[in-house]
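Peer 1: Residue numbers (my numbering), protein chains in the order written: chain H, 1 to 227; chain F, 1 to 227; chain B, 1 to 220; chain S, 1 to 220.
Everything labelled a hint here was simulated from the structure, so no lab data went into it.
DSS-like mimics (lysine-lysine), calculated; alpha carbons at most 25 Å apart, straight line: (1) B:Lys72 x H:Lys85; (2) S:Lys72 x F:Lys85; (3) S:Lys133 x B:Lys133; (4) S:Lys72 x S:Lys133; (5) S:Lys72 x S:Lys94; (6) F:Lys152 x F:Lys168; (7) H:Lys168 x H:Lys152; (8) B:Lys72 x B:Lys133; (9) B:Lys94 x B:Lys72.
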Amino acid sequence: MSAVSPSVVEHTGRGPLGRDEMAQVLARDIPRGAYVNLGIGQPTTVGDHLSPESGVIFHTENGMLGMGPAATGDAIDPDLINAGKFPVTELPGAAYFHHADSFAMMRGGHLDLCVLGAYQVSASGDLANWHTGEPDAIPAVGGAMDLAVGAKQVFVLMSLFTRKGEPKLVSACTYPLTALRCVNRIYTDVAVFEITGGDQVLVRETWGISFDELRTRLDVPLAAATP
Amino acid sequence: MSAVSPSVVEHTGRGPLGRDEMAQVLARDIPRGAYVNLGIGQPTTVGDHLSPESGVIFHTENGMLGMGPAATGDAIDPDLINAGKFPVTELPGAAYFHHADSFAMMRGGHLDLCVLGAYQVSASGDLANWHTGEPDAIPAVGGAMDLAVGAKQVFVLMSLFTRKGEPKLVSACTYPLTALRCVNRIYTDVAVFEITGGDQVLVRETWGISFDELRTRLDVPLAAATP
Amino acid sequence: MTLLCTSVDDAVSGIADGSTVLVGGFGTTGMPFELIYALIRQGARDLTVVSNNAGNGDTGLAALLAAGRVRKIMCSFPRQTDSWVFDELYRGGKIELEVVPQGNLAERMRAAGAGIGGFYTRTGAGTLLAEGKETREIDGRTYVLESPIAADVALISAHTADTLGNLVYRKTARNFNPVMATAATTTVVQVRHVVEPGELDPEAVVTPGIYVDRIVRVPS
Amino acid sequence: MTLLCTSVDDAVSGIADGSTVLVGGFGTTGMPFELIYALIRQGARDLTVVSNNAGNGDTGLAALLAAGRVRKIMCSFPRQTDSWVFDELYRGGKIELEVVPQGNLAERMRAAGAGIGGFYTRTGAGTLLAEGKETREIDGRTYVLESPIAADVALISAHTADTLGNLVYRKTARNFNPVMATAATTTVVQVRHVVEPGELDPEAVVTPGIYVDRIVRVPS
Numbered sequence: 001m002s003a004v005s006p007s008v009v010e011h012t013g014r015g016p017l018g019r020d021e022m023a024q025v026l027a028r029d030i031p032r033g034a035y036v037n038l039g040i041g042q043p044t045t046v047g048d049h050l051s052p053e054s055g056v057i058f059h060t061e062n063g064m065l066g067m068g069p070a071a072t073g074d075a076i077d078p079d080l081i082n083a084g085k086f087p088v089t090e091l092p093g094a095a096y097f098h099h100a101d102s103f104a105m106m107r108g109g110h111l112d113l114c115v116l117g118a119y120q121v122s123a124s125g126d127l128a129n130w131h132t133g134e135p136d137a138i139p140a141v142g143g144a145m146d147l148a149v150g151a152k153q154v155f156v157l158m159s160l161f162t163r164k165g166e167p168k169l170v171s172a173c174t175y176p177l178t179a180l181r182c183v184n185r186i187y188t189d190v191a192v193f194e195i196t197g198g199d200q201v202l203v204r205e206t207w208g209i210s211f212d213e214l215r216t217r218l219d220v221p222l223a224a225a226t227p
Numbered sequence: 001m002s003a004v005s006p007s008v009v010e011h012t013g014r015g016p017l018g019r020d021e022m023a024q025v026l027a028r029d030i031p032r033g034a035y036v037n038l039g040i041g042q043p044t045t046v047g048d049h050l051s052p053e054s055g056v057i058f059h060t061e062n063g064m065l066g067m068g069p070a071a072t073g074d075a076i077d078p079d080l081i082n083a084g085k086f087p088v089t090e091l092p093g094a095a096y097f098h099h100a101d102s103f104a105m106m107r108g109g110h111l112d113l114c115v116l117g118a119y120q121v122s123a124s125g126d127l128a129n130w131h132t133g134e135p136d137a138i139p140a141v142g143g144a145m146d147l148a149v150g151a152k153q154v155f156v157l158m159s160l161f162t163r164k165g166e167p168k169l170v171s172a173c174t175y176p177l178t179a180l181r182c183v184n185r186i187y188t189d190v191a192v193f194e195i196t197g198g199d200q201v202l203v204r205e206t207w208g209i210s211f212d213e214l215r216t217r218l219d220v221p222l223a224a225a226t227p
Numbered sequence: 001m002t003l004l005c006t007s008v009d010d011a012v013s014g015i016a017d018g019s020t021v022l023v024g025g026f027g028t029t030g031m032p033f034e035l036i037y038a039l040i041r042q043g044a045r046d047l048t049v050v051s052n053n054a055g056n057g058d059t060g061l062a063a064l065l066a067a068g069r070v071r072k073i074m075c076s077f078p079r080q081t082d083s084w085v086f087d088e089l090y091r092g093g094k095i096e097l098e099v100v101p102q103g104n105l106a107e108r109m110r111a112a113g114a115g116i117g118g119f120y121t122r123t124g125a126g127t128l129l130a131e132g133k134e135t136r137e138i139d140g141r142t143y144v145l146e147s148p149i150a151a152d153v154a155l156i157s158a159h160t161a162d163t164l165g166n167l168v169y170r171k172t173a174r175n176f177n178p179v180m181a182t183a184a185t186t187t188v189v190q191v192r193h194v195v196e197p198g199e200l201d202p203e204a205v206v207t208p209g210i211y212v213d214r215i216v217r218v219p220s
Numbered sequence: 001m002t003l004l005c006t007s008v009d010d011a012v013s014g015i016a017d018g019s020t021v022l023v024g025g026f027g028t029t030g031m032p033f034e035l036i037y038a039l040i041r042q043g044a045r046d047l048t049v050v051s052n053n054a055g056n057g058d059t060g061l062a063a064l065l066a067a068g069r070v071r072k073i074m075c076s077f078p079r080q081t082d083s084w085v086f087d088e089l090y091r092g093g094k095i096e097l098e099v100v101p102q103g104n105l106a107e108r109m110r111a112a113g114a115g116i117g118g119f120y121t122r123t124g125a126g127t128l129l130a131e132g133k134e135t136r137e138i139d140g141r142t143y144v145l146e147s148p149i150a151a152d153v154a155l156i157s158a159h160t161a162d163t164l165g166n167l168v169y170r171k172t173a174r175n176f177n178p179v180m181a182t183a184a185t186t187t188v189v190q191v192r193h194v195v196e197p198g199e200l201d202p203e204a205v206v207t208p209g210i211y212v213d214r215i216v217r218v219p220s
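Given only the sequences and the hints, what does the whole structure look like? Please build it.
Peer 2: And the structure:
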């Protein structure tokens with residue numbers, strides 16, 4: 001047994017993290033050489049914080065491993081895009097494959113990690129990120145359900161509160177679910193959480209808010225993580 | 001409606017066909033440009049009777065379309081074999097694929113035709129060709145069950161009688177089945193049959209035996225085919 | 001046998017009203033634009049279209065939707081910044097939508113091409129998209145039974161074909177095109193280049209010619 | 001991450017007694033001979049082996065069987081003119097045999113690699129090999145429910161790897177090797193050549209490196 005006691009690193013002297021800082025904090029926790037899929041939108045920016053030396057290899061569900069950074073200028077090739085349909089580049093050692101093979105890879109548990117945005121995550125790791133549930137919304141799921149059930153680890157990147165101040169880490173999701181009990185960690189602007197499958201959600205680090213204050217603002221049992 | 005009457009072409013002036021002649025008769029009925037899988041053993045010899053001008057493209061279940069004739073001498077390459085594990089050659093326009101893709105092709109109904117040997121075929125087209133059912137026999141099925149259910153047409157190539165004189169076209173198979181109601185035609189040393197799914201098996205042509213004599217030797221209702 | 005067509009209009013001839021049509025591409029990448037325009041000219045209507053998206057801008061699949069030819073669309077991601085044609089039809093109740101998780105879309109077409117009658121997947125379990133579907137517990141996890149998507153026609157694009165119909169693609173323009181080629185009764189391919197048999201590397205062929213019925217070359 | 005091993009013995013280290021081991025090849029073509037000999041030296045026993053055949057002559061898989069390391073074999077075609085090692089073990093009641101139609105063997109491993117919990121196939125319906133298995137009528141035809149074959153280890157061979165584990169094969173030596181690479185917790189590959197990333201054509205990679213755990217070069 002480790003002798004390290006549970007504790008939360010509180011960065012109370014400063015405000016919440018910006019979007020770029022959130023991506024940076026998450027990127028720090030991606031293991032060397034991992035195969036990673038970054039969801040469309042903010043999760044894509046995590047790639048900006050990983051150097052080639054990390055050995056991390058990016059998968060894009062539209063049929064590629066070894067995806068490089070965004071393409072600009074003459075490097076833009078309409079045949080080479082990412083899942084968000086933006087032009088990207090190819091790194092040495094890349095491989096192309098078709099959609100059935102790409103999703104077999106995702107669903108078969110071969111990706112080490114995916115990073116997804118979310119409307120809500122529940123204390124047990126349920127994810128809601130594809131549908132607002134509003135009557136006039138046009139639902140669009142893309143590959144979110146496949147990634148959520150298939151990746152070995154699911155990291156969520158989101159602000160912890162809505163613009164109205166409602167928490168997005170909840171005891172039970174009210175939005176339509178993407179998948180049950182799939183999220184492992186949540187990286188937010190004010191705290192990083194670990195979902196363990198137990199009764200409590202663990203808190204590793206906070207920014208601009210104390211652990212005690214976080215407890216009062218979330219309707220979810222929290223405990224300090226073991227560093 | 002065609003005005004052609006049913007009739008059997010009887011070659012009574014000569015004996016049963018040799019193995020090579022049987023293969024030749026079957027080869028004559030393979031449509032131009034068809035995608036064809038030839039089973040191991042005698043069915044493989046059908047390929048010897050199809051010229052490149054036929055446009056027929058051969059599939060081998062161990063992962064290739066565009067298989068050429070047997071390889072000899074310096075052309076033998078241990079990495080290039082057919083389903084019977086004999087060295088073969090590659091024709092221009094060939095393609096290689098792995099086993100899951102190869103059997104997806106077979107099982108998905110993409111092959112126009114396969115040619116298989118048989119222990120028995122029933123009047124309704126049931127096929128028995130993988131297992132003698134004897135207690136000490138070591139069963140080995142290979143790709144026979146996949147071909148039998150998957151190919152658009154199944155042609156059987158076999159002698160009509162066993163060495164003991166027992167018919168192999170039967171009212172119901174006594175050998176363990178390969179697949180139910182899958183055989184379309186049977187090419188034998190003494191007759192060619194069509195299985196229609198109706199009550200009667202149709203006879204197209206005979207060698208060394210008359211249609212009437214054939215009727216007396218088989219316990220299966222026979223009728224003349226429409227040419 | 002693969003037929004080399006001399007025009008895109010020949011290539012799409014005979015597509016019947018009410019057909020189910022697979023349309024390749026992911027967004028506009030790998031989308032068979034010229035075949036879609038030919039299909040608009042050909043006139044088939046009351047179509048069920050299966051494609052990853054529901055059209056972008058006013059081109060390609062969006063133009064087919066705008067022409068009023070599509071009764072129903074099955075796709076994973078209809079809502080996009082430039083999906084205004086679909087959005088308006090959908091909000092006006094003029095098109096039916098079946099949202100299918102992207103992996104199920106691909107796997108269900110693969111199943112059709114591979115003779116699989118149905119399969120169990122974890123994708124969608126416990127969500128709206130599995131409502132009314134059969135489920136099964138396997139090794140303690142919930143799986144949903146999904147059925148094949150077979151089609152009458154696939155309209156796809158590839159980079160190069162040989163005259164036997166063997167196809168290679170280019171980069172992520174490959175996407176849904178190869179799996180769609182396996183799932184349709186008639187597969188029609190627009191390509192940038194046509195070469196003779198033997199000019200493609202047999203180790204690198206992605207779609208063997210057995211899956212390809214008609215090829216037409218379009219200017220690149 | 002893919003590890004480049006300096007010896008075949010390193011490459012097979014840690015394989016536990018009782019493991020399920022996929023062995024690539026069709027007959028001797030594409031069979032990972034050197035890895036099998038290393039496995040014999042390594043000593044793991046009580047193995048379940050999944051391979052298309054049950055060994056040829058006295059080499060490769062036949063040698064592993066002769067060494068008494070295999071409790072059970074799952075294959076489509078055990079009986080061959082040169083399968084005397086297997087034949088004797090089987091007739092002596094010293095090895096368990098599960099005969100699996102070749103297409104089910106491939107598709108069941110694909111299912112394991114693709115997260116499919118089970119699938120319905122027509123292959124085997126109404127035969128001895130479907131006895132005791134669940135069936136279902138789909139569109140008037142009988143389908144059999146088949147389950148994934150997942151393994152602890154896959155021993156496969158390929159022609160060339162890059163150091164990221166991307167693989168290409170040669171001619172029909174490809175066979176079961178790529179699908180086995182997807183179905184095992186640990187995939188070990190013997191190759192004839194190792195090159196740097198960027199030296200393989202990304203359009204022609206058959207097995208992406210994500211499926212490959214260990215590579216070892218063997219003399220060709």
